[in-house]
Structure formats: C-alpha cells, structure tokens
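S.K.: Here's the letter readout for the chains.
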Amino acid sequence: MLEVRFHGRGGQGAVLASELLAHAAFLDGKWPQSFPFFGVERRGAPVTAYVRIDDRPIALRTSITVPDVVVVLETGLLRTVPVTDGLREGGLLLVNSALPPELIEVPIPVRTATVDATGIARARGLGSPTMPIVNTAMLGALARATGVVSLDAVRGSIVHVPAKPRENREAAADGFAAVRSGEGRHLPVARRAERAPPLPEGPIAAVPSSTLVTSSWRTLRPVIRLEKCTRCNFCWKYCPDDAIELDPSGFPVIREAHCKGCGICAAECPPKTIEMVLDAGARGGWGVR
Amino acid sequence: MGRQVISGNAAQAHAARLARVQVVSAYPITPQTTIVETIADFVASGELPAQYVKVESEHSALQCVLSASALGARTYTATSSQGLLLMHEVLHWAAGMRAPIVMGVVNRAVAPPWSLGSDHADTMSQRDTGWIQFYAESNQEVLDTVLLAYRLAEDPAVRLPAMVAEDAFYLSHTFEPVEIPSAGEVDRFLPPRDARAVLVPGRGLRLGSFTGPVEYVQFRRQVADAMERVPAVLRNVEREFEEITHRHHGGPLSTYRTDDADTVLVTMGTATTTARGVVDQLRAEGHRVGLAKLRVFRPFPAEELRALADSVGRMGVLDRSFTFGEHGAAATEVRGALYGAPRRPSVSSYLGGLGGRDITPGLVRKVYRSLESGGSELPTWVDLLPEEAPAHG
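Going down the list, the sequences are from chains A and B. Residue numbering for the first sequence follows numbering that gives the first Met the number 0, beginning at 0 and increasing consecutively. Residue numbering for the second sequence follows numbering that gives the first Met the number 0, beginning at 0 and increasing consecutively.
Hints may contain errors.
To give an idea of the chain B side of the interface with chain A (calculated C-beta under 8 angstroms), a few residues [unchecked claim]: (1) R19; (2) Q21; (3) H91; (4) G95; (5) V199; (6) R205; (7) S208; (8) Q217.
Label-pair restraints from in silico Cβ distances [as the list claims (entries may be wrong)]: (9) B:W113 <-> A:D53: 54 to 60 angstroms; (10) A:H185 <-> B:F209: 32 to 38 angstroms; (11) A:L98 <-> B:D127: 33 to 39 angstroms; (12) A:E200 <-> B:G1: 36 to 42 angstroms.
The hints are simulated quantities; they were obtained by calculation from the structure and are not laboratory data. Glycine included, every Cβ here is placed at the ideal spot set by N, Cα and C.
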C-alpha cells in the first residue's frame, strides 16, 4: 500500500487533487481511498488531504501519519505546518516551487522534487491570477516523480474537474515534463514527543485570537482612509475575529498580522472609507509572488 | 421567613432570590411559568437586585445566562418539556464552557401528543449533556437543592451546570409547608461566586473556540473528571448545609428501610413519597422491603447502588419515562451499574406515570407483587390499560 498526504490551502484544490489521484489510481486498476481533513475556516486556511493506493480493498480508515509521499501545494506551508512529519525513510517530498530541490529547506534528509505549478497554472489560465489552481500540474509532477500513477490515468481523471478540462490536461502534462528531483537542504530541528499541551481548566484560550498570525490566508487586505472615518466603530464591531483595534482617539487600526482579509469591515462601513486591495507580496502571501 | 405554605415553583423562585442570582433569563412555558413570574416580582419589588432579561425563546434564554455566567455572574433560568428540548444545543455548550448555571426544570411530558402532565422524558433525554441532574421529591427538597446546586456547581473542583428537576403539578403547583431559610443563613452557606478564569470585557479571550482533535479530547476529559469529583464535593456541601439548616436530603441515592430488606424499590421524584407510604404498609404486613430514591441521576450514583446491592435480593426500578427500543433509563443504568458488582440482585424494569398518569399506592403494590412473583426482565408498563376489541367486525 502506498500513502500520499497533500498539504494545501483552502481554495488551491488540494482536496480535489486527492480525489483526482484516487480516480487516476482506479483507472490504473488499483484500489484507491481518498479523504480530506479541514477545519471551520475559510479560503487560505491550511488543508490536509489523504490518498491510499493498494492492489486490494484497504482495511484502514484513519488519517495518514506515516506517508510515502508528501505533496505541498504552497511553499509557505513548509514554515507553518510540519509537512514532513512521519514521512517514511526513502519517501518523497514534492513541493510547488520554482526553486530547484536543493534550495528547499527540509527538517529531515529526504528526497525532494519541485515543480513550478503556480507558473504552469497561470500560463494555462487555471484559477485567477491571485489564486491559481495548481492541483492538476502537481498531479502530473507526482506521476513522473513517483510513478504511482501513469500520466494517462491523471489526464483521464480530469473528467472529474468542474472546469477547463483541456487546460487542466495540458497543465498535468506540463507538470509531468517540468518536475525536477533531488535532495532538499537539510536543516535539522528537534523532534517533540507526543504530549498534550498544558491546558487551562475549561476551553478558554490563554491568548486572544488577535495574536494568531493568520495574515497568510488572505489575498485582499483592508485599507482605511482615515480622513473620511467617522469613528462609528462599525468595522470594529463587525470584525468577526478581533482583527481591528481602536487607537486612543477612537480610530480603527487593522491588526495586519491577524487579518484574514474577509472584507466584512469594508462591506459594513457606512461612509465606505475601507477599501479591499490586492495583498501583493504580503508576508507569507500565497498565490501572488 | 420561617415556615410558609408555598408551591414547588415558588420554592425555586425563593431559592434563586436567596442565592442572590445576578442575571435571570427565561421564556414562559407551562407549568414552569410561575417560577419566573415570581422571580420577576422579586426583581420588580427590589427584593432581588438582578438583571432580568426577556428573550424570544428558551434557546436564547439559556444562551443569555450562559454568556452572563461566562462573565462571572451567578445565573438562573427555568424551563420545562419542549422548552428544555429547544435548549439542547446550548446545554452542551454550558457544560463544555464550564458555566455553573443552575436551572429549574419542571418535568413535563414531551409531545406528541400534547400533554401538560408530569413525566421525566424531558430531562432524561438531556442526561448526556454534561449537566448535573437532581430530582426532588418535596417542595422543601426543591428549595434546599437549588441552594446546594449553586455551591456544588460553583465549586472550583466542579464548575459544571446543574438542573434541579421537580415533577409537574405534583410539586410545581402543589402548596405545602416549606421552611424558608433566612438571608443570613443562606449567605453563610453560599458566598458570592468565585469568578476565576472567566471572560473579561475588553480582553480578547476565546472560550470554546475551535480546537484540533488532541485538545478536544483533553477538554472533554476535563468535563468527565469534574463530573467524577461531584460526589465528594456534594458530601461536604450537604454536611455544611445540614450544620446551618439542620436538614439533609440523603445524598445522591437516598435510602429508606433498606438495612434488612430483601426487596428494594427504586424511584425518582414524587413517586418516592407515595412509594415510601406503601413501604411502611408492606413492612407492617411483614414484608422485608425498602426504598431507594435516585436523587442525583448525573453523575449516576453507581457506587451507592453497588453498596446497596450487597445486601439485597431483588430490585424493581420504576421509570417515569421510556427509552424507545430499550427500557426506562433508570432501569438500564441501574443494571449497568450493578453488572460489575460482586453481588448482583435481579433488577426488574417498570414503567409508569407517563404523561401525568398518577403513580398510586395501588400501582406501587402492583410493582411489589410482580417482584415477589419473580419480577420482570422486560419492561412492564404497569398502568397500561388493555384495549377493548374494536366494535366493528
């Protein structure tokens, strides 16, 4: 049995990639199983998806903790999610990156492959420029780098993609052709034993949610034109997650590191002083580089 | 105030007043309504300086007191039947958020068909929500138990919500003498709430927000551990209450004439009073019979039941609600508690008093006769009438 774990962000197509890989393995005559895990959050939040491939029915219904292959759809996740956790010795890490494998920093010595799936998706017009959909290019690269499925099967699985089947088949072929294999740059980190974190009595978080760095989820960010602000505080009230504070004179200030760019403040602002602008090159920003 | 003739609903209201609750929110439903009406009078007259929040549903009422409780307030609400069912989602929230809310519940049958009569289906269907559950037998027990429930719920070792259930009409609208303690007595027993680790206005803390599976398990286990600490805390709280008021209601499983009994009836709520009378008659007739009242249903008094089972040959559990596809909940849980006991008496299951049917002395005698003649493995509906044959051919 072969186990593949996908790491992506909501909106990139990681879940669909896992389903397509299952369809492709089935076309190759295998028994596949795929399923995602995600939280309550929105586009941009980290998502994990799993695929198992075997020659016979699979007698296991758990998440994948010891994968043979890890596929990372966005390089920012390498810093924020322990993507290589449990990766089997001799396994493979496949990363969406224009960099050669030797420049990808990895916490364990691991065979590493890279493909510029973002570039391919943009060139093929998949998704939007701010949110290219990279899943099919990654699957083509996966077919080449691992041999677990054939390129023909990946292309065949694309009947399950809701839009642009021709462009997606071409992106898979592009990914297949462009993938580069090598070794990642090993930067060892200490491993933690599995322990439950110390918790308060009752599910109360010791820190406010405003301390969580979730700005990497956004594609748009709010900009307030303070000269038109009436200090009505609607933006502060309607912000669903404490991403706006008030300065001593009552003007709103965006907590840049926390704001996920949902745009509710801009929609609610009565004098329309808040504008959502493209967050080009924001910290850890995804999609746009 | 001394001894006064009041209803069970008034007993709930006086207890909330004496507990100096700070926030009350409720939605009217028969036969609960007079509880919150009486509290509204106390607030209007200034006897109870509390915030009284009117809302549009029971779901909102419980959410309102939950939010106030999360800010450290002592809170009270009351409901019944369909209203309790509508609260179901927030019941889980209150326990998981460790909010020591105390709620009066008037046990009323669940529709359909519509019924205002007493039975326990409403609270029994909430027994997995993490709330402590008391079932009272008299108006005095109602008043005292609400006060005990605040001390227990707010204890730092517990911090769980508690419901104090009373049977519709048999207590809610029954007037009988009740010793109403003085404010001074209650203040000695029940100091202001210790409001550590709660939300603070202006500080962006998160209570009950999203977690991964690892933390989720840890937090659920905290609720389970808190529930396990209830019996020990309750013992101390009841002892202190007795020192001040000279009243004690007998712990989570209150027993009567069980010392040399070979047969024990297990009851809940007001059926206990009638059954106690029958036990006295049967004793006078030479039967070795006793009575055990499930006064606390959550946490279930399994240890006390195992101790009782040590000396008893058979038990008959009289449930006032039914779990479709199974037995009455109390019978099932008594059997579960005794399965691992060194000595296991036979446990028979009886259903009676649904939808306001009277549990009469005759009915209790019927249960005893059944036990004498070997008992009943399957649930016996003791007050079900045989149906007449249809008139048409």
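S.K.: Run every hint past the structure and note whether it holds.
M.R.: Right, here's what the structure says about each hint:
no.	hint	in the structure
1	R19	24 angstroms, violated
2	Q21	20 angstroms, violated
3	H91	12 angstroms, violated
4	G95	6 angstroms, holds
5	V199	11 angstroms, violated
6	R205	4 angstroms, holds
7	S208	6 angstroms, holds
8	Q217	5 angstroms, holds
9	B:W113 <-> A:D53: 54 to 60 angstroms	56 angstroms, holds
10	A:H185 <-> B:F209: 32 to 38 angstroms	34 angstroms, holds
11	A:L98 <-> B:D127: 33 to 39 angstroms	53 angstroms, violated
12	A:E200 <-> B:G1: 36 to 42 angstroms	40 angstroms, holds
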